[in-house]
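Student: These are the residues of each chain, in order.
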Amino acid sequence: MKLSGAQIVCESLVREGVQIIFGFPGGAVIPLYDSLPQYPQLRHVLVRHEQGAAHAADGYARATGKVGVCFATSGPGAANLVTGIATAYLDSSPMVAITGQVARAFIGKDAFQEIDITGITHPITKHNYLASSAEELATLIKEAFYLARTGRPGPVLIDIPRDVFIEQAEFHYPDKVNLPGYKPTLHGHPAQIKKAAQLINKASQPVIIAGRGVTISTAYAELKELAEKAQIPVVTTLLGIGSFPESHVLSLGMLGMHGTACANMAVDSADVIISIGMRFDDRATARVDGFAPKARIIHIDIDPAEIGKNVRVDIPIVGDATNVLRALNKLIVSQSHVDWIRQLNEWHREHSTTRVKEGEGLPPQYVIAKIYQVTGGNATIVTGVGQNQMWAAQYFRYNKPDSLISSGGLGTMGFGLPAAIGAKIGCPEGITWCVDGDGGFQMTIQELATAVQERAAVKIAIINNSFLGMVRQWQEFFYQSRYVATFLSGPDFVKIAEAYGLPGLRVKDKSEVVPAIEQAMEHEGPFLIDFVVEPEANVYPMVPPGAALGKFIEEPRKEMVAPTDSFHLGVSNI
Amino acid sequence: MFSTKHTIIALVADKPGVLNRVASLFRRRSFNIESLAVGHAEQGGISRMTIVVDGTSATVEQLRKQLDKVTEVIRVSDITQENTVDRELALVKIKATSQTRSEIIQIVDIFRANIVDVSPDSLIVEVTGDEEKIESLFNLLRGFGIKEIARTGRLAMTRGM
Numbered sequence: 001m002k003l004s005g006a007q008i009v010c011e012s013l014v015r016e017g018v019q020i021i022f023g024f025p026g027g028a029v030i031p032l033y034d035s036l037p038q039y040p041q042l043r044h045v046l047v048r049h050e051q052g053a054a055h056a057a058d059g060y061a062r063a064t065g066k067v068g069v070c071f072a073t074s075g076p077g078a079a080n081l082v083t084g085i086a087t088a089y090l091d092s093s094p095m096v097a098i099t100g101q102v103a104r105a106f107i108g109k110d111a112f113q114e115i116d117i118t119g120i121t122h123p124i125t126k127h128n129y130l131a132s133s134a135e136e137l138a139t140l141i142k143e144a145f146y147l148a149r150t151g152r153p154g155p156v157l158i159d160i161p162r163d164v165f166i167e168q169a170e171f172h173y174p175d176k177v178n179l180p181g182y183k184p185t186l187h188g189h190p191a192q193i194k195k196a197a198q199l200i201n202k203a204s205q206p207v208i209i210a211g212r213g214v215t216i217s218t219a220y221a222e223l224k225e226l227a228e229k230a231q232i233p234v235v236t237t238l239l240g241i242g243s244f245p246e247s248h249v250l251s252l253g254m255l256g257m258h259g260t261a262c263a264n265m266a267v268d269s270a271d272v273i274i275s276i277g278m279r280f281d282d283r284a285t286a287r288v289d290g291f292a293p294k295a296r297i298i299h300i301d302i303d304p305a306e307i308g309k310n311v312r313v314d315i316p317i318v319g320d321a322t323n324v325l326r327a328l329n330k331l332i333v334s335q336s337h338v339d340w341i342r343q344l345n346e347w348h349r350e351h352s353t354t355r356v357k358e359g360e361g362l363p364p365q366y367v368i369a370k371i372y373q374v375t376g377g378n379a380t381i382v383t384g385v386g387q388n389q390m391w392a393a394q395y396f397r398y399n400k401p402d403s404l405i406s407s408g409g410l411g412t413m414g415f416g417l418p419a420a421i422g423a424k425i426g427c428p429e430g431i432t433w434c435v436d437g438d439g440g441f442q443m444t445i446q447e448l449a450t451a452v453q454e455r456a457a458v459k460i461a462i463i464n465n466s467f468l469g470m471v472r473q474w475q476e477f478f479y480q481s482r483y484v485a486t487f488l489s490g491p492d493f494v495k496i497a498e499a500y501g502l503p504g505l506r507v508k509d510k511s512e513v514v515p516a517i518e519q520a521m522e523h524e525g526p527f528l529i530d531f532v533v534e535p536e537a538n539v540y541p542m543v544p545p546g547a548a549l550g551k552f553i554e555e556p557r558k559e560m561v562a563p564t565d566s567f568h569l570g571v572s573n574i
Numbered sequence: 001m002f003s004t005k006h007t008i009i010a011l012v013a014d015k016p017g018v019l020n021r022v023a024s025l026f027r028r029r030s031f032n033i034e035s036l037a038v039g040h041a042e043q044g045g046i047s048r049m050t051i052v053v054d055g056t057s058a059t060v061e062q063l064r065k066q067l068d069k070v071t072e073v074i075r076v077s078d079i080t081q082e083n084t085v086d087r088e089l090a091l092v093k094i095k096a097t098s099q100t101r102s103e104i105i106q107i108v109d110i111f112r113a114n115i116v117d118v119s120p121d122s123l124i125v126e127v128t129g130d131e132e133k134i135e136s137l138f139n140l141l142r143g144f145g146i147k148e149i150a151r152t153g154r155l156a157m158t159r160g161m
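Protein sequences appear in the order of chains A and B.
Take 1 as the starting number for the first sequence in the working numbering and just add one per residue.
Take 1 as the starting number for the second sequence in the working numbering and just add one per residue.
No lab work stands behind these hints, which were simulated from the structure alone.
Remember, it's a predicted structure, so these values are computed and weren't measured experimentally.
C-beta: ideal position from N, C-alpha, C; glycine also.
Wrong hints could be hidden among the right ones.
To be verified - Just the calculated beta-carbon pair ranges, DEER-fashion:
no., chain 1, residue 1, chain 2, residue 2, range
1, B, D54, A, I166, 46 to 52 angstroms
2, B, S57, A, K109, 43 to 49 angstroms
3, B, E61, A, S334, 35 to 41 angstroms
4, B, L91, A, S132, 33 to 39 angstroms
5, B, K5, A, K2, 53 to 59 angstroms
6, B, S57, A, N378, 47 to 53 angstroms
7, A, V484, B, L91, 56 to 62 angstroms
Stated by the list, open to error - Here are the simulated SDA-like pairs of lysine to any residue, each with C-alpha atoms no more than 20 angstroms apart in a straight line:
no., chain 1, residue 1, chain 2, residue 2
8, A, K142, B, Q66
9, B, K65, A, P316
10, A, K183, B, S77
11, B, K15, B, Q66
12, A, K309, B, K95
13, B, K95, B, K65
14, B, K15, A, S132
15, B, K65, A, V313
16, B, K65, A, R482
Said to hold, decoys possible - Partial chain A-side listing against chain B, Cβ under 10 angstroms, derived:
no., residue
17, G119
18, S132
19, R152
20, A169
21, Y173
22, K176
23, L179
24, P180
25, G181
26, P304
27, G308
If we strip away everything but chain A, and leave its shape as in the complex, we get (with noise of 0.2 angstroms):
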């Protein structure tokens, strides 16, 4: 039976168990959408410009761990996908974006609403297609999911003329795909497996950093057996917040410019370091030639390009990460490493830079306690870029995978709300916070639409502090509080929620804070907290630019006093 390229691109779709798609219509994809409602089983979320529907996208996929679907038109509308692209691209974010292209005879001759997407996304995509016939469309969708899934998951592109969408062709899913370039590689070399295993029965000081790989090859069990086993403690990445629960004994918490005291001294202390399914970010390992100067790095990575790209790697295993420990593990004897850990026990005494600071006003810190205290823990937490980020990755106790949602490898500001929507969608019965700052809430601001409209119940957690707070603490330390184009004479948050048909508050006193988020708890819709929290509060420890892990900056003594109802994070159970 022949089928028009539109409704291969919607058979395909349903084919791959596609339920949700993010987009926006226009001129190039009306015959796209003119299709849909023949197949029920697609449901469209309407965004309110490109940018949202590939961020949302995006965190659906994060929550879920399924390929995210964004369509958008031609020409401005595929070029507004860009930013949403390369964020899923330097996150490793599985995502499918299909964009309208100007009919065939038109490409290339600066036709209305046209744009050279796929030379443009070459870069921020893991592949891309320009299609150029119907009957080529079920091979090129199989092969984007297989792509944007598989190896180390990323965003695929498919590029498709309207006139491709409306030409008819016979239709048949394939089977296989046909990738002869394409072959990742899943299980580790047996003879680097023995060898790490050897490093790490030997070590007296070793940590293990875990990253988003191993989110993604679910291999928390495996690094749980390996830590445990071996005694070994265990730091994050950003991205890699969730793969270890942060309440585990052995749980060092985050590590890099904003890590914990403890984690950076670990690794800069350690003597052997497992590097499991990260990329040694610059955010993360600080100065590279002053990182971790005592230590033999094993470095576990689907990704053979990221072996040696950043740091000197002793022992490169390259292989899916749940794999590779299953070998590992069974190769490793129990350990106690009683000494190491008493060390780190008494760094963290020393160091508990985590507490929140009393004040005057409201302490941002406070706010992201709180909203742990009241879920328990038990929710989704999306964020922005900065500040925020930074204090939500503090304050939250993050015991479940995928539990901190961030755009940590480009750092996109806009990303929160709408990555928090389609997080939202993908995960209906989980509760979503999305936490932003005032200054990147206001760039994906009309999204605020979708979750009405979508009927997305997240609950949005505005950290105001009327400044582009990451920017102006630079500015402070590095610039001699020289603040420059960092102000901001923000919206009234709450008429903004009530003009976009949800409720919002406004919180200043922290007696305030827990009513309010209980409130948007017991609120069944989106609901937006508008938090006004001390203008130059700064993210604390700090590891300054262009210095070593062990280097950082702590809050200064005398502004801190003793916990009383605050909450801190660490070792402390050791």
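Given chain A's structure and the hints, the job is docking chain B onto it.
Tutor: For chain B alone, coordinates are given in the frame of chain A:
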């Protein structure tokens, strides 16, 4: 870590856009491609690229791994250290008058090159060999006046096997 010339062989799917993907990787890591030759390989639908770049072994190895990640790249190898046959073909148009023509022909014969076009005031010489041989021929011909040069860039194949 010092920079040397590396010869990279890539077998790639013969599809539009592949050259662009390969070239943009070099651009992103700020590699200057010294030469790049592309043509059909022994198998249908597959092209063979011979790429010559200058870089340290570590940076070229990183580039090789990144090239290997491109879906349409089937295999990449750095054959710099291997025993290879390297060849390049060049066409050179030289000014030639009746006085100089026979001297040019003598030089061309020594290099086992061919004269493939003759006009009243110029000649086209076709020469095949490694870069060194081509450079030496050019050096000898330069005195007569070179009007135009076209070179294929290096082609390379490992010996035996």
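Student: Look at each hint and say if it fits the structure.
Tutor: Hint by hint, here is what the structure shows:
1. D54(B) / I166(A): 46 to 52 angstroms: Given about 50 angstroms between the Cβ atoms, the range holds.
2. S57(B) / K109(A): 43 to 49 angstroms: holds, 45 angstroms
3. E61(B) / S334(A): 35 to 41 angstroms: Cβ of E61(B) to Cβ of S334(A): about 38 angstroms, so the range 35 to 41 angstroms holds.
4. L91(B) / S132(A): 33 to 39 angstroms: Cβ of L91(B) to Cβ of S132(A): about 35 angstroms, so the range 33 to 39 angstroms holds.
5. K5(B) / K2(A): 53 to 59 angstroms: For K2(A) against K5(B), whose Cβ atoms are near 55 angstroms apart, the range 53 to 59 angstroms holds.
6. S57(B) / N378(A): 47 to 53 angstroms: holds, 51 angstroms
7. V484(A) / L91(B): 56 to 62 angstroms: holds, 59 angstroms
8. K142(A) / Q66(B): violated, 24 angstroms
9. K65(B) / P316(A): holds, 14 angstroms
10. K183(A) / S77(B): holds, 16 angstroms
11. K15(B) / Q66(B): At roughly 19 angstroms apart (the allowed maximum being 20 angstroms), Q66(B) and K15(B) satisfy the hint.
12. K309(A) / K95(B): violated, 51 angstroms
13. K95(B) / K65(B): violated, 46 angstroms
14. K15(B) / S132(A): holds, 12 angstroms
15. K65(B) / V313(A): Roughly 15 angstroms between the alpha carbons, so the hint for K65(B) and V313(A) holds.
16. K65(B) / R482(A): Cα-Cα ~44 angstroms, so violated.
17. G119: With a minimum Cβ separation of about 7 angstroms from chain B (threshold 10 angstroms), the hint on G119(A) holds.
18. S132: OK, holds: S132(A) within 10 angstroms of chain B, min 9 angstroms.
19. R152: holds, 9 angstroms
20. A169: It is violated, given that the least Cβ distance between A169(A) and chain B is near 20 angstroms, above 10 angstroms.
21. Y173: violated, 20 angstroms
22. K176: violated, 16 angstroms
23. L179: holds, 6 angstroms
24. P180: holds, 5 angstroms
25. G181: Hint on G181(A): holds, closest Cβ of chain B at ~4 angstroms, below 10 angstroms.
26. P304: holds, 5 angstroms
27. G308: holds, 7 angstroms
This entry does not satisfy hints 8, 12, 13, 16, 20, 21, 22, going by the numbered hints stated previously.
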